[in-house]
Amino acid sequence: MNKNSQRNQITRKEAIKRMGKYAALTAVGTFLILNPQQSQAQSGPPDPGGDPFN
Amino acid sequence: MKPESGPVFSKRLGKSHILWFQDSNSYIIISNTVQQLLDCFFLAKDKSDFVQRATEVVKIDESLADVYYDELNDFLDDISLKNNDVHTHTEPNIIPKPKIERHYCFGKCSFSINYSSERLMELIHPNLSHAHSNNLHEPKAVFDIFESDGLLHMFKNQHYIGSYETHKFHFLQGKFAMELLTTLYGNTESDWLATFHATTVSNGKEAIMLIGDSGNGKSTFSALLMASGLDLLADDLTPMLAEDGHLYRFPSAISIKEGAFDSIGEHFEGFAALETHQSQSKHIKVKYLPPTISFESTKRDFGCRKLVLVKYDKDTSGCEINPCEPEKALQILIPDSWISPKKEHSQTFLNWLGNLEFYELHYSDNEIAVKKMMRLFDDNR
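For the protein sequence lines, the chains are A and B, in the order given.
Note that this note's numbering numbers the first sequence so that position 48 is 48, with each residue one more than the last.
Note that this note's numbering numbers the second sequence so that position 307 is 1307, with each residue one more than the last.
There could be a bad hint or two in this list.
Cross-link-like lysine-lysine pairs, in silico, DSS-like; alpha carbons within 30 Å at most [stated by the list, open to error]:
| hint | chain 1 | residue 1 | chain 2 | residue 2 |
| --- | --- | --- | --- | --- |
| 1 | B | K1099 | B | K1047 |
| 2 | B | K1306 | B | K1015 |
| 3 | B | K1099 | B | K1011 |
| 4 | B | K1140 | B | K1082 |
| 5 | B | K1342 | B | K1257 |
| 6 | A | K21 | B | K1059 |
| 7 | B | K1015 | A | K21 |
| 8 | B | K1099 | B | K1045 |
| 9 | A | K21 | B | K1140 |
| 10 | A | K21 | B | K1045 |
| 11 | A | K21 | B | K1108 |
| 12 | B | K1082 | B | K1059 |
| 13 | B | K1140 | B | K1168 |
| 14 | B | K1328 | A | K21 |
| 15 | B | K1306 | B | K1156 |
| 16 | A | K21 | B | K1011 |
| 17 | B | K1059 | B | K1011 |
| 18 | B | K1343 | B | K1285 |
| 19 | B | K1108 | B | K1140 |
| 20 | B | K1047 | A | K21 |
| 21 | B | K1257 | B | K1168 |
| 22 | B | K1257 | B | K1343 |
| 23 | B | K1306 | B | K1372 |
| 24 | B | K1045 | B | K1343 |
| 25 | B | K1328 | B | K1371 |
| 26 | B | K1343 | A | K21 |
Here are the simulated distance ranges between beta carbons [as the list claims (entries may be wrong)]:
| hint | chain 1 | residue 1 | chain 2 | residue 2 | range |
| --- | --- | --- | --- | --- | --- |
| 27 | A | Q38 | B | K1108 | 14 to 22 Å |
| 28 | B | E1320 | A | Q38 | 34 to 42 Å |
| 29 | A | F53 | B | E1206 | 40 to 48 Å |
Some chain B residues near chain A, calculated using beta-carbon distances under 10 Å [as the list claims (entries may be wrong)]:
| hint | residue |
| --- | --- |
| 30 | I1018 |
| 31 | I1293 |
| 32 | E1296 |
Quick caveat, the hints were computed from the structure, so don't treat them as lab data.
Computed from a predicted structure; not experimentally measured.
Where is the CB? At the ideal position from N, CA and C, for every residue including glycine.
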């Protein structure tokens, strides 16, 4: 193995960490965090140009 | 470790588990393996104990167990953070004299709304115009909805309800819907377990809840189900009462987009004569189709054991209704709904989920899809 390829190698642990938050847990199978709305709302939020008051 | 940050409730849901965390009112759906890792985490004295337990239970190497430990640790820290994202505004000192007064009547329940402008009235009135009445006898509530200092304000019977930034008018609409519910049913907000972003139909015996991503024809489909004789219990917003876990009637009109005017008009006499409005949230024309069954004349609540994830896809050939994984439906239902953060309500919600059958309907042909839905009512496992 030459010096260059050694430098490019990372450990499995490091690779998972680089994939983002909870990457290892997500890779195991289902891992979903679902937060309900904190207050009642009708339908989806309006589109960006959809404020009828401005 | 960290027992105080653990889930308050958990429930097996198909091949997965659903957990509820009180501090953040979050629902977590995890695979069996993650559940095993979480069990190891709470049983372990420290990190090295966790690594030992995890490598035995889940058959993984030590370096990976090390990563799982760090992630579970971070996750439990994050999930125990309280959500304090609700902005509060100062209550206005005075309620201005209303420019427009409208009276409404659902059976014996009458109420009136004072609007400060036409455009504010457009946010609420079209959904209720079928209940518009010229007379008002012993109103159960008087609402004042007005705009000042760049905010929309709502009062009910002179009591301050809340203020909303103009671009967040859908929160005013949602809060008004909740206040309307408490007026119609003579109870308080704390009696309600949830207001789901879902449509619900009933055959007079049971209810089926329909969910789907926005803009995929859910409202059009629910109007067609109503045309076929089903009782449209609620469109867009389905309330669940905590006491019995039943879904309750919410007598708002269905908003039908311009593209569906012809197909819906065929089924409802007088549809063409309904007033056409400009949608507040999207730049399209809509008509508001009232429910065919009146609020006062029928049973108002039903138990619900079936939930259908609806997806209109013009490229789909035929029409399929199949069981689906709960998490597929719940990742649409939960983030789109208000669910009470109360501990006892969460337990009722999880128990309801545990008894719920989950389906997925893919269709391109409305007529066949309606027939399949009808059959689903009779299909009791």
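Evaluation of the provided hints:
no.: 1; hint: B:K1099 - B:K1047; verdict: violated (66 Å)
no.: 2; hint: B:K1306 - B:K1015; verdict: holds (18 Å)
no.: 3; hint: B:K1099 - B:K1011; verdict: violated (52 Å)
no.: 4; hint: B:K1140 - B:K1082; verdict: violated (36 Å)
no.: 5; hint: B:K1342 - B:K1257; verdict: violated (37 Å)
no.: 6; hint: A:K21 - B:K1059; verdict: holds (23 Å)
no.: 7; hint: B:K1015 - A:K21; verdict: holds (24 Å)
no.: 8; hint: B:K1099 - B:K1045; verdict: violated (67 Å)
no.: 9; hint: A:K21 - B:K1140; verdict: violated (51 Å)
no.: 10; hint: A:K21 - B:K1045; verdict: holds (24 Å)
no.: 11; hint: A:K21 - B:K1108; verdict: violated (54 Å)
no.: 12; hint: B:K1082 - B:K1059; verdict: violated (35 Å)
no.: 13; hint: B:K1140 - B:K1168; verdict: holds (27 Å)
no.: 14; hint: B:K1328 - A:K21; verdict: holds (21 Å)
no.: 15; hint: B:K1306 - B:K1156; verdict: violated (36 Å)
no.: 16; hint: A:K21 - B:K1011; verdict: holds (25 Å)
no.: 17; hint: B:K1059 - B:K1011; verdict: holds (24 Å)
no.: 18; hint: B:K1343 - B:K1285; verdict: violated (42 Å)
no.: 19; hint: B:K1108 - B:K1140; verdict: holds (9 Å)
no.: 20; hint: B:K1047 - A:K21; verdict: holds (19 Å)
no.: 21; hint: B:K1257 - B:K1168; verdict: holds (21 Å)
no.: 22; hint: B:K1257 - B:K1343; verdict: violated (39 Å)
no.: 23; hint: B:K1306 - B:K1372; verdict: holds (14 Å)
no.: 24; hint: B:K1045 - B:K1343; verdict: holds (28 Å)
no.: 25; hint: B:K1328 - B:K1371; verdict: holds (24 Å)
no.: 26; hint: B:K1343 - A:K21; verdict: holds (28 Å)
no.: 27; hint: A:Q38 - B:K1108: 14 to 22 Å; verdict: violated (33 Å)
no.: 28; hint: B:E1320 - A:Q38: 34 to 42 Å; verdict: holds (36 Å)
no.: 29; hint: A:F53 - B:E1206: 40 to 48 Å; verdict: holds (42 Å)
no.: 30; hint: I1018; verdict: holds (9 Å)
no.: 31; hint: I1293; verdict: violated (22 Å)
no.: 32; hint: E1296; verdict: violated (23 Å)
Checked against the numbered hints listed earlier, the structure breaks hints 1, 3, 4, 5, 8, 9, 11, 12, 15, 18, 22, 27, 31 and 32; every other hint is satisfied.
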